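Sequence order for the protein chains is A and B. Numbering follows our numbering, with no gaps: position 180 of the first sequence is 177. In our numbering, each residue carries its 1-based index in the second sequence increased by 9.
You may find that some hints are simply not true.
[What the hints assert, rightly or not] Computed footprint of chain B on chain A; a stretch qualifies when at least three of its residues, placed anywhere within it, have a C-beta under 8 Å from a C-beta of chain B:
#1 24 to 36
#2 53 to 59
#3 115 to 121
#4 345 to 354
In short, the hints are calculated from the structure, not lab data. All of these numbers come straight from a predicted model, not from anything done at the bench. Where is the CB? At the ideal position from N, CA and C, for every residue including glycine.
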Amino acid sequence: MREACDLVVIGAGPGGLAAACRAAEAGLDVLVLDAQPEPGGQVWRGEARKGTNRLARRWLSRFAASGARFRPGARVVAAPEPGLLLVEEGASSLAVRYDRLVLATGARERFLPFPGWTLPGVLGVSGLQVLVKDGLPIRDRRVVLAGTGPLLLAAAATIHAHGGEVLLIAEQAPAARHWGFALQLWRYPDKLLQGAVLSAGLAGVRTATESWVLEARGERRLESVRMSVGGREEELACDYLGAAWGLVPNLELARLLGCEVSRGAVVVDDRMETRVPRVHAVGEVLGIGGVDQALVTGEMAGLAASEQPVPDALVSAWRRVRVFAEALARHDAPRPELSRLATPQTLLCRCEDVPLSALEGCQNLREARLYARLGMGACQGRTCGAAAEALFGWSAEDVRPPCLPARIGSLRLPPEPPPTPKRAS
Amino acid sequence: MPEPRVKAITLRINGRAFTVPAGTSVAAALALAGDFISRSDLAGRPRGPSCGMGVCFECRATVDGVPEVLTCLTPCREDLEVVTDA
Chain A
-2 MREACDLVVI
8 GAGPGGLAAA
18 CRAAEAGLDV
28 LVLDAQPEPG
38 GQVWRGEARK
48 GTNRLARRWL
58 SRFAASGARF
68 RPGARVVAAP
78 EPGLLLVEEG
88 ASSLAVRYDR
98 LVLATGARER
108 FLPFPGWTLP
118 GVLGVSGLQV
128 LVKDGLPIRD
138 RRVVLAGTGP
148 LLLAAAATIH
158 AHGGEVLLIA
168 EQAPAARHWG
178 FALQLWRYPD
188 KLLQGAVLSA
198 GLAGVRTATE
208 SWVLEARGER
218 RLESVRMSVG
228 GREEELACDY
238 LGAAWGLVPN
248 LELARLLGCE
258 VSRGAVVVDD
268 RMETRVPRVH
278 AVGEVLGIGG
288 VDQALVTGEM
298 AGLAASEQPV
308 PDALVSAWRR
318 VRVFAEALAR
328 HDAPRPELSR
338 LATPQTLLCR
348 CEDVPLSALE
358 GCQNLREARL
368 YARLGMGACQ
378 GRTCGAAAEA
388 LFGWSAEDVR
398 PPCLPARIGS
408 LRLPPEPPPT
418 PKRAS
Chain B
10 MPEPRVKAIT
20 LRINGRAFTV
30 PAGTSVAAAL
40 ALAGDFISRS
50 DLAGRPRGPS
60 CGMGVCFECR
70 ATVDGVPEVL
80 TCLTPCREDL
90 EVVTDA
């Protein structure tokens, strides 16, 4: 199947929605692609059905009224030439021709390997939160969370609200850095409010700084965790462990399209245009900055893509968000101990079952791929890549198509439809 | 606050029927079928959903005959047939 549009937006989180709304309201034919069944991205997941978050409700109804078209379950697998995307949707394939593009691919959690991290019942922090929002039975289940920053509290609040028992929130940051960061929130009223709302439901839940997971234990699934809590070891029996340390941007499509990436973020100008002409980037791919950054930059890209002026107010709002984002990045930076949790037998690549010991002698990601098959499996290095960067300082390299497992038919341009027969008049 | 009434959906996981509230993802439903296992790794050890966001591919299973479906991005539907490889 073929589709054509003025603007294609990849990702229907807050950034993608804001860009799509601004451009579609200006009269552009906008097509929004997302792998999920509904718009909202990860942060507003389920809001299209539940509508409990006011900001999400406002943007989702604006999006529904904007005239932009939405294709759920759509994953971009290749970009064979400028202005063309190859997309897979369930069992069918789609070619999309576009004039402009907005990358709003968001972020994923930073997973770091530790003994037992592949056991069923061990998930990411937000990963566990998402599953609970999606109906995972959590009532009276015992949960330990190990990670960093505001995502820990958000996950704990969701689990708590669904009747789960949060035994411990383990924050990796040292107490001084953690509270220093919390005090900075005073300068950002919205963030402060969110923090207050989150902690309201969590009074009485044990929280410890300078704490992290050492090992997950169990036979067929998770049974207990061994933790380092403020310098002392303890073992806790539990049903679920959420363990991940902050977020990393999803840069695969940006790299595939040839956008410049510097210090782990896509480089853009004040119109959110990347170094590739007519390709814009918004939200977390600019460096982790949350919903505020996504909405501001999304609006900027939508305005720019539809040839409208970008107001100075938006540009300065974005600069303010970046100050907060940089404080968050300093807070969330994984401490060195977290890069030394894996033993030689611990798997680093979960797809190809590559243990840490298999990487001996490898100098970079390329050698690890060639000699040990690191990152050669189904997820294409999306999980072990960020881990290898934290453990060894190896940076990501070029991305080659297909950037996701794809059917052979999806990599072929579908044939032109036969010309419509002209009727004699 | 009263819970809004939600429709119940019946699906089959490895041949057994389970009833879940509408809006439940297939990955979340795997917890009902025992041990929250979606697949086996190369050595036969069990794996379960991990990232919840369609990134890690750990939650993949056969859904209505289609192999390697990401169950965390798949909502439960009536009469859905899910087969894990573990």
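Here is how each hint holds up against the structure:
1. For the stretch 24 to 36 of chain A, the stated coverage by chain B is satisfied: 3 residues place a CB nearer than 8 Å to a CB of that chain, which reaches the threshold of 3.
2. Beta-carbon proximity to chain B at under 8 Å applies to 0 residues in the stretch 53 to 59 of chain A; the threshold of 3 is not reached and the given coverage is violated.
3. Given a C-beta distance limit of less than 8 Å, the hint that chain B covers the stretch 115 to 121 of chain A holds, as 7 residues qualify and 3 suffice.
4. Residue count for the stretch 345 to 354 of chain A with a Cβ under 8 Å from a Cβ of chain B: 4. That meets the three needed, and the coverage hint holds.
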